[in-house]
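Colleague: Sequence:
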Amino acid sequence: MSKILAVTKKATGLTGLAVSKNPVHTLNVLYGKILRALEKIPQEAAYRKTTEQIVSARLAIVNAAKSVEEIEEKVDCGQVEELIIQAENELSLTRNMTVWRAWEAPTTDVPPNQWTWPPAKLPKS
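The sequence shown: position 21 = 21 (our numbering), numbered continuously.
Hints were generated in silico from the structure; no laboratory data involved.
None of the hints are false.
Derived DSSO-like pairs: lysine-lysine, alpha-carbon spacing no greater than 30 Å straight-line:
id: 1; residue 1: K10; residue 2: K33
id: 2; residue 1: K74; residue 2: K49
id: 3; residue 1: K9; residue 2: K33
id: 4; residue 1: K74; residue 2: K33
id: 5; residue 1: K74; residue 2: K21
id: 6; residue 1: K10; residue 2: K66
id: 7; residue 1: K10; residue 2: K21
id: 8; residue 1: K33; residue 2: K21
id: 9; residue 1: K9; residue 2: K21
id: 10; residue 1: K66; residue 2: K49
id: 11; residue 1: K74; residue 2: K10
id: 12; residue 1: K74; residue 2: K9
id: 13; residue 1: K66; residue 2: K33
id: 14; residue 1: K66; residue 2: K21
id: 15; residue 1: K33; residue 2: K49
id: 16; residue 1: K66; residue 2: K9
Using C-beta positions, here's what the derived DEER-type ranges look like:
id: 17; residue 1: I54; residue 2: N113; range: 28 to 36 Å
id: 18; residue 1: S67; residue 2: P112; range: 49 to 57 Å
id: 19; residue 1: Q114; residue 2: G78; range: 32 to 40 Å
id: 20; residue 1: K21; residue 2: W115; range: 40 to 48 Å
id: 21; residue 1: N89; residue 2: T8; range: 24 to 32 Å
id: 22; residue 1: D109; residue 2: A64; range: 43 to 51 Å
Keep in mind the model is a prediction, meaning the values are calculated, not measured.
Note that beta-carbon positions come from the ideal geometry of N, C-alpha and C, so glycine has one too.
I would like the entire structure built from these sequences, with the hints used as guidance.
Modeller: Put into structure tokens, the structure is as follows:
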């Protein structure tokens, strides 16, 4: 259960980004959704392992924090409003990853120069 921490700031200082009224609850909900969505991805998938580790660590910080400022300081990835946007984007990506099944081997052959950089020169006509 999320606790209510007082939001003391009046503005984020970022154009178009309003102060969140209940950031702890919002982050708890989003992080929970991400973790549930990750359960649909195989445990050995690198994306699942890494994302679970990051989201679980952030969730623990949110649940242990005594202030919004403490969350921002310990996560160290922006203001809570930015953390909410990051979590929304990660949730969207996680849901897309389950559709894309990126952990599976390609179903077609990889073109010979796909991973060559700089890109292969085209033959002159």
